[in-house]
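Colleague: With these hints in hand, go ahead and build the complete structure from the sequences.
These protein sequence lines are chains A and B, in that order. Those letters in the first sequence? Residues 1 to 1168, by this note's numbering. Those letters in the second sequence? Residues 1169 to 1393, by this note's numbering.
Incorrect hints may have been included.
As the list claims (entries may be wrong) - So, partial list: chain B residues that the calculated Cβ filter (under 8 angstroms) puts toward chain A:
#1 L1188
#2 L1224
#3 D1225
#4 L1235
#5 A1248
#6 R1251
#7 F1259
#8 D1261
#9 L1265
#10 E1272
#11 I1279
#12 A1280
#13 A1281
#14 T1285
#15 V1289
Hints listed in this document are in silico derivations from the structure and should not be mistaken for laboratory results. Note that the structure is a prediction, hence the values are computed from the model and not measured. Note that CB positions come from ideal geometry on N, CA and C, so glycine has one too.
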Amino acid sequence: MNGWRLIHRSLTHHWRIHVAVALGVAAATAVLTGALLVGDSVRGSLHRLTMDRLGTIDEVLVTDRFFARQTIDRLAESSDVRSSYDAIVPVILFPLGTVEGADGARATESLVVGCEPEFWDLDAVGVRPQRMPGPDEIVINQTLADEWGAAVGDLVTLRLPKPNQVPADSPLANKDDRTRSLVGLKIVDIVPAEGLGQFSLRPSQKLPHNVYVALETLQDALDEDGRVNAALVSLQDEMDVRGPRALAASETLASSLRPTFEDFGLAIERITRRFDAGSGASSTIYDYYSVSSDRMILSPATAAVAEEAFRAYHGQPLFTYLANSITKVGTSGETAYSMVTAIDLGESFNLLSMSGEPIGPLADDEIVLNSWTANDRDAQPGDTIRLTYFAPETTHGSAREESAEFTVKAITPLTEPDRPYNRRREAIYTERPMLANDPDLTPAVEGVTDQDSIANWDPPFPFDYDRVLGKDDDYWKNYRTTPKAFVSSAAGRRLWTSRFGEVTSFRIPHREGLTAESLKQTFLETVAARQETLGFDFIPVKRRQLAASSGTTPFDALFLSLSFFIIAAALLLVALLFRLGIEQRATEIGLLLAAGYQRRRTARLLVAEGSIVATAGACLGVIAGVGYAWLMLAGLRTWWVGAITTPFLQFYLTGRSLLIGYILGVVISALTIWWSVRQTRHITVRRLLAGQASDANAYVYRTGRWLFWAAGILVVLSVVLLVVATGQAGMAQAGAFVGGGAALLTGLLLLIWARLRSGGRSTQARLTGRGALARLALRNAARNPSRSATTIGLMATASFLIVAMSSFRVAPSETGAGGFDLIGKSAQPIYQDLNTNAARLDLLADGAEALEGGDVFGLRLRPGDDASCNNLYQPSQPQVLGITDALIDHFDDRQVPRFSWTGTAAKTMAERTNPWRLLQDEFADGVVPVVIDMNTAMYSLKPPLTVGSEYRATYDGRDVRFRVVGLLENSVLQGSLLVGEAAFERLFPDISGYRYFLIRSAAGKQDAVTAVLEERLGDQGFDAVPAARVLEQLLAVQNTYLSTFQSLGALGLLLGTFGLAAIQLRSVIERRGELALLRATGFTRGALANMVLIENVFLLMAGLATGVVAALVAVLPHRLTGTAAIPPSLLRDLTIMLTVVVTVGIVSGLASVRAALRTPVLTALRGD
Amino acid sequence: MADLVVSKLAKEFVTRDEPLVVLRDISLQLAVGENVAILGPSGSGKSTLLHIIGTLDTPSSGSVTLLGQDPFQLTERQLAVFRNQHIGFVFQDHHLLPQLTVLENVLIPTIAAGNATSEAVARAEDLIDRVGLAERLDHRPAELSGGERQRVAVARALIQRPALLLADEPTGSLDRTNAQAIGKLLLDLQQQEKTLLVVVTHSLELANLMSRRMELDDGVLQEVD
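Modeller: What follows is the structure, given as structure tokens:
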């Protein structure tokens, strides 16, 4: 007989209790494993979603302009690319399309895919329209169809932004006609929201609204024949998108892409003017190449490349801008609407004075007028000229005039043509034209430079026809866009540089051998040499989304913490059951010790025995864990769907999680068993031999006066905390309430413990009369005060936390929405300020009335990843909102409702009064001040951010550093980075207008405002949603997690009732002698059963009641102040939950009753 | 007329082989005021006989009649009431409830009977006074000595004025002084309460205090001098 043999015999002999212990271990292991599997499932589902919706698409080329599809065809034919990639499919992508049904239903932010049938070859799950869309036809996905109830055959309208336009925030840009509508598209098929039917470039589990149109249809509609704006790239099947080969292939792909000069939106034209004086000798007035952009202004990056490329050819940047008026200071009258060119005079552009001398370089405050203008203004060198012009950037679309004064350095001659310009030909000169006779120094402006008469101008800026006189129209006819004045480049930059750039064209003098083609080539070589992409970037969309699919929230850790009570209850059960087993075997253990076994060896035998049981139980637990995870996922797909927004989760498991769950289950159970064995180390051998496995000191009663004092202090503390809580807000308030409740709970538990310890000394008459049996049962509960107090404490703590969590529920509040009642978003930017009557009348016509008494604040929006708690993907490029000065000023008014802050970096009084002011700061290190919702900062962004933290993200290929200057509390702005408008414009110069709107409607007008904005701004895809609803959806995540915690806590509590039953069983076994004595003195079995049951119910109810009372104290003020979102159903839910717990507790307590009834009277009386 | 009649009582236990006979043809008669000590070596069946007389065990054959009533003809519930009303027990281990006071422990049988009235309290106080613990009414068992605990057990056994007081090795756990005191107390109270007293003991000293002594040997009960 050795130790193992002994263990084996013990295992088989005491199999009943071991089965019970194993079940406890299984429960703990199941919860641990299940939580890990939930994590696996979330990650696996996100991974599957990514793989599913991207199909075989690994990288995407998305540009902000259209380019020739041949560029993609050439790329696809490249041998370097073909060796790694299977397909490169040119498409047109618009992520912000608006689709309208015939009944007015509208889906904004729909992804519009203009494609050919080969697009569907990239699908990996077999989704493909049964019928490809032809002209005037469209295919939509099931998500969109479900939202509308749309069917095949229905007609829809598609609205898209017009591409390749002058930036709308430029005063010279057209702000009205920026949308192209495709009306009457017939739905020919509805594809399921699977595979490419849910194609999306954004990592989000939300199902996108997608529409698919034939590529040619979109090209026709947008006047972009043969051009596309995106390409989808598919790696060869055998390549792992995250492997090193794929990374190398990506670099090859990027370097193999060779956009043409035209693809960059550039044009080059040789501008030549010759003059034939009639003698047959032709002289060249000017001969140069003009490089210009289809967006009027070259972007700073493009201009930098061009400057380097054309420097060797004496290429000169120039900026021609519109002067609204040229006046001579000190005189009346003006020259209206003139072009002024900023260019450095010198060898390459050598303007001559009236005397024929080169004028030479201009100082920053000097100007050269052409002779026409000098005559018109009666100006001479030395005179002061004032230029009035529009500021180069508009805010809310309103052009603002500025002016600057210059000294006339010289007058340059301008030759009047013999015959003016007309539509078919240029002006004809009989006298030699001059260098200044060059209308091509001015870029093309649609509606202006293409008109025959100023009277026909349709300018995008405020234009006063009355200021245009006959002389001005004559000038237009004779000289068209020929500049009337010249200033230095430096002066031009000072006055007209904007975030859109500072160059309208490059002027490269022609010389022998120089051709447009060679200049283009030089430009492209410079692009390559500088490793510039100029917007032609491949996004490793699959790699990025797979990385993001690791998720914002570690769901395994989350569910481990949410399941805390179940794990604790299961381990408690393991400890109690094992201890019960020890108690049943007390004599056996005593005998081993008496026979000479050392305590340590005996303990080792018991722990080894328990560990074997744990090992077996954990096996069962792993299997049960799969079921637990399945249940949790079912919960997340149904009751708790608010936590994940969309019921997309599928069950996934990994061997790693099963193994970790198993090992954790075994280890913590073995430790628990070790701990419970350790508790027996002080029990004497004599007591063990007598069958008693509890410490004799357990029955010594003490008064414990200090406990009453401590309890009193805690109760006072709880009152203080609860009073303090009423002066707090939000989480601080909830924390103070719960802290107060916790202090009260601890105080009550101490009182109970003290009462139990004192044993109720003055009870001489208590066991008499009616109810004596019940009182005897209650006295029995005090038999072991520590054990009973622990039991009550466990039940109380669990019920307290479950109920008190209610106070952390958050309701949509006025501060959450900053006092705004509607949140608006438009698919296309709105450029005007809807807070002005003019804009309201212009945009909303008679509907403007609905907005009376309300506010509309537009915010700039840079689309990005949804960084709210609604998105399970890890955001890498969060959406950015530009907070305007107008909105910041709005919050200076102390009377207006405002957002609530959990922390700011405010230092000055002004900043403390209005923390939004912090966004107007500029840090010396170039870091951008940012305000973030606390939930986004804490849970969505990694690492978690606090005030003062820095966050880095890459936007459009540039690394941006943000520094948190404020954290909003539970706000409607969750999910975005909020920066000042100036910083926004610096970061995203290409983004014009406003797409996000905070709206406060006058009382009772919310519906009217919504209707007007959505109807009148339908072309822009305006969508207004009640702020409370948005906030509710955002807060649903937090509230759902609380519900999950409460539900799982209740499950743990339920399991805890089994622990309570085990404690009672143990107590009954300990009291076998006493119970037998009671039987001997005439107690019937029924009386004994009642007594044990009453004792059981007392402990259960005392625990629940103490916890619930303390929690209600914590929750009630929260509810009374109206800051908690305690749903009406909460009381019902809690009642049901607690009733179930009590019922299960009583039923499981019947085990101890049964044991009491089965107590063998004689054996117990003899102490055998 | 005897108040306790034990007639041809036998008790066998089933074992793997042949039945183990513990008691053979035991007969005994006692009238109120009488007391008897039953002696015998360990395993002779003394306690088994006592438990059968006390209705805690059942005989294999024979009968027991107390105050003219055969308790083994009663239902379980009736038997519990019968035991409560007519029989008092004192065990070697006092089996006091540690959570209750001396007074409450004494009152326990009245709780079972549902007559834990003020009269019962008065009687309990009287009994406690008579066992010499008047000053310890509200003390817990943990605060009493072994002899004191056994005195409480004696008072508890008499609270319902039983006709029969059964004591199973009542002095087995006590020192000699306490043992003598308990023996004398039992005898005094038996006389005062006019009950039958049956004491099972190893102690000749205790047995000698009783008016009758009987020995149980090999399952047979015999009167001894």
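Colleague: Which numbered hints turn out to be false for this structure?
Modeller: Those not satisfied are hints 1, 4.
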